[in-house]
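Q: Now for the letters of each chain:
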Amino acid sequence: MKKLLALVLVLAMAFALLAACADPDTPDEPPATDDPPAVVDDDPPATTNEDDTPPVATGATSEFVQPPANWDEPFDQTVLIRAAAPHGVNWFFEDGDDIGNSPWTRLWYDELNVQVEWEFTPVTDEYVTRLQLSIAAGDLPDVFHIPVEDPFMFRNLVSHDMLLDLMPAYQNYASQRIRDFELTDPDTIQNFIVDGQLFALPRYYYGQIDQPWHMWVRKDWFEAEGSPEIRTVDDLEDLMHAFIDNHGAAYGIHVDSDLRWLLRTAPMWGAYIGELADNGYFWRPDETGRLRPGITFPEFEVALENWARWFDEGLINPDFMTIDQWGDNGVSEVVNARVGIMCWWQWWGWWGGNNVVVMQDNYNAYFVPFNLPTVGGTQPARGQVFWANNGTIAASADFQNPAALMKVLSMNDHMVFSPDANLTPDQLEYFMGNGREHGMSPAFQMIDPQADLLQFQHVLHAMETGDTSELFTTGMQFKHRDSLHIQEALAAGQIPEDINAFGAYLQMGFDGSAYARSQHLFDTGRIVQTALWGEIPEEFLEVGATADMLMEAIMLIIIGARPVSDWPDIIEEWYAQGGQVKEDAVNRHFG
Amino acid sequence: MGSATTNLPQVQPPGNKVKKERYFGSPIRIIKRLRREWPLHLLMVPAFIVTLIFSYGPMYGLIMAFQDFNPAASFANSPWVGLENFRWLFSQPAFIRTIPNTLFISISKIVLMTLASIIFSLMLNEVRVSFCKRFFQTIVYIPHFISWVILAGVMQTLLASDGVVNQFIISLGGDRVAFLTDPSIFPWTMIWSDVWKGFGFGTVVYLATITSIDPEIYESAVIDGASKFRQIWSITLPLMGPIIVLMATLAMGNVLNAGFDQIYNLYSPVVYSTGDIIDTYLFRIGLEGGRFAVGMAVGLMRSVVSMILMSLSLFFAYRVANYRLF
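Residue numbers (the working numbering), protein chains in the order written: chain A, 1 to 591; chain B, 1 to 326.
Treat the hints with caution; some may be incorrect.
[As the list claims (entries may be wrong)] Selected chain B positions facing chain A (in silico; Cβ < 7 Å):
1. Thr181
2. Asn265
3. Pro269
[What the hints assert, rightly or not] Simulated restraints on C-beta separations:
4. Gly525/A with Leu62/B: 49 to 59 Å
5. Ala137/A with Val305/B: 24 to 34 Å
6. Leu43/B with Glu538/A: 48 to 58 Å
7. Leu103/B with Ala224/A: 49 to 59 Å
8. Leu133/A with His41/B: 48 to 58 Å
9. Phe152/A with Leu103/B: 26 to 36 Å
10. Asp195/A with Ser74/B: 18 to 28 Å
11. Ala47/B with Ala137/A: 25 to 35 Å
Keep in mind the hints are simulated off the structure, nothing from the lab.
These numbers were taken from a predicted model, which means no experiment stands behind them.
Where is the CB? At the ideal position from N, CA and C, for every residue including glycine.
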């Protein structure tokens, strides 16, 4: 009897354990695809948050549903899209909302009868790994974002027939507006067309105007020094010393552990290297016409010499190798007044601007952009321009309703970039306020390649003239509103109530803004473009990491542990470790 | 403290030969025991199944080390490349240098950690005020529980060029030390900081051993006129011998693990030449670089070497300290 009892107990335990390991979401019955469609009410579009009720899952189907012809017409039956996209750590949602139930998911449901269910939305850093696991398991979401971090994923998926040809849906159900992106940027979409089939939609980019980097200088210190001209490298160095001597800065220029901020100053010496990444480098022809990376040009050695000198003179933080550009210590150096100059993107105002004035309790302590100086000073340094595409949007080969994807993409573009959106201020806040536009996710947003240029032109015009009649897109209205907010606060000598508004103001809200500086470079032809104008050649994958050894060598040279004269040997080693393969590939594909 | 004591192997007095049991009995005895104890073995079945599924099942993925692995093609369809990933790996100078770096940092940590733990436990054993003894023991034990992710931030602040430590050195007339950015100093920063973090745990183990020594031995020594130092040298250390050997040999099985958490959070390219270890290289190449197959090759190689070292360690632990895992 005891043995029998023991046996029963053991079997019960084993059963309980196996039951606990089973997938709780596994349905007992097949999906109710024959259920009647969810009711879509005929009320006006739910463009305010009056009704926060999440969409009802019952009745949504992933089977094929005949789409209505126009992009803004809803499906008769609720179409279900299982999606995946990275989730930014700083995305903001109202209480109770999340990426699965946001103003945007409600909009898609209410307006198009499309329901999005998120298969996975890990934070950006983990997304590629999670997606690769999904690929390896052969269980792709219906719609997903392919990030730029893995330029080879798209080709892998195409070569294994895992992607859907989106061309018919793109041609028949996408709005004319998003199809016209091709006119602005005709090269990009060609990278994703294979044998006439469109296997992914490019997300495009905000346009070339956002690519040149600028020298950001702390305004109150700059004005205290008499607002000197920054035309030459010497001018810049004088300012660095003045900030250290007169304003308590710990060092001259902010440098991070990836060297990204420092390497972007290379154009001051005529060197163009972009970012030191295995999938990057900046390629341009030498005197023979052969395409070579910027690190192999002699101008780069001049830049190295000057950076080593800066380090030796104490203008660079000796602990720069421990400064994480996205970490707390990256921004803390700025907000704690330890540095007053840094080379950065045009969106500095969203990164440091929204903290520095508060931490310094000084409305004038924000940084303003200047074009990079040069040694001679007759012209500003050239802006570097890259082939840019902010990842792609792809669909699994099994996905039945690509028209739904096109409709959602078209709707999102309409809301943000179209002149016809006509949102009220409340709706503007509801969809875009506090960064809520990120709720669209990269899986469902294509970016108008002219967006930032148009925004800049119209916002600046409105700021200078007060005429707001030509602010015809949501983005323009939003950035004008923020710019005005900052302008009024600064005029009153007060710290702005919404410090995030510094982002738009410093990007495009006044004549010395980052985009105004960039526009000057484009207008005067002070732009240099990489020859690698498209996706990374496949051969890059054959060789190992080549950026690591360069990064190490550059750091050792900067801190004086290796002489600059070693650089030719380092380049030789780089070629031996795979640089030659890369250079040959770039010349073969783009030469 | 009590649990640490009870988990320790019994220390045998020197010269007392221990009769070693056979690992397995005869097949007939095994069958007899199984008949008698089958309900107990049956109870083990769920755990056995879980272990099979979650620990042995994933080992199928080791095949990746011999493939040109492509996630889109999965294991089944990725082309077989034999030892190509290993050949590529050993052609990379950056990988080759991680081997001596790993061994140096790891072995130094083991040796210094052992020494620090022994010395501190001996010192702590001489403290007579119970409160002070417990206080110091707790103080040195606490860092063991703090994650390196947190400690790395603390260390970066303390050891910065203008951090507290450097300010102290400068105030004494010394020169600034680049603890985290000088390739010749970085490994020692890793070693000493890890010893600082971990020696408290070793101290607990050694202190438990010391307290289990028969006090009569010390009383006899006192009667014979032995000084404190002589008691430590001639009684405490010899009786601690087996447990020291045991701890050291068990640590040897972990010799290729030089502390990923610590080094990854504190290193930078400028110290790759001396601070890049197998695990950090594996992380950069395998995960960040997307070369999963090469990453798996490194991981497999590391696991095999660790398994051999662990087996040797267990063998020596059994021979020297009569410690047996199975």
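Q: All hints are to be evaluated individually against the structure, with a verdict given for each.
A: The hints, checked one at a time:
1. Residue-level restraint check for Thr181/B holds (minimum Cβ-Cβ distance to chain A is 5 Å; threshold 7 Å).
2. The restraint placing Asn265/B at the interface with chain A is violated, with a minimum CB-CB distance near 10 Å, outside the 7 Å limit.
3. A least Cβ separation of about 4 Å between Pro269/B and chain A falls short of the 7 Å threshold, and the interface hint therefore holds.
4. A C-beta distance of roughly 57 Å is found between Gly525/A and Leu62/B, which places it inside the suggested range of 49 to 59 Å.
5. Judged by the Cβ atoms, the range 24 to 34 Å given for Ala137/A and Val305/B holds: they are separated by roughly 31 Å.
6. About 55 Å separates the C-beta atoms of Leu43/B and Glu538/A, a value consistent with the hinted range of 48 to 58 Å.
7. At roughly 55 Å, the beta-carbon separation of Leu103/B and Ala224/A lies within the given 49 to 59 Å, and the hint holds.
8. Here the CB-CB span from Leu133/A to His41/B is close to 36 Å, at odds with the stated 48 to 58 Å.
9. Between Phe152/A and Leu103/B the beta carbon distance is about 34 Å. The supplied range of 26 to 36 Å therefore holds.
10. The supplied range of 18 to 28 Å is met by Asp195/A and Ser74/B, whose beta-carbon atoms lie about 24 Å from each other.
11. The beta-carbon spacing between Ala47/B and Ala137/A, approximately 27 Å, falls within the hinted interval of 25 to 35 Å.
In terms of the numbered hints stated before, the structure departs from hints 2, 8, listed from lowest to highest.
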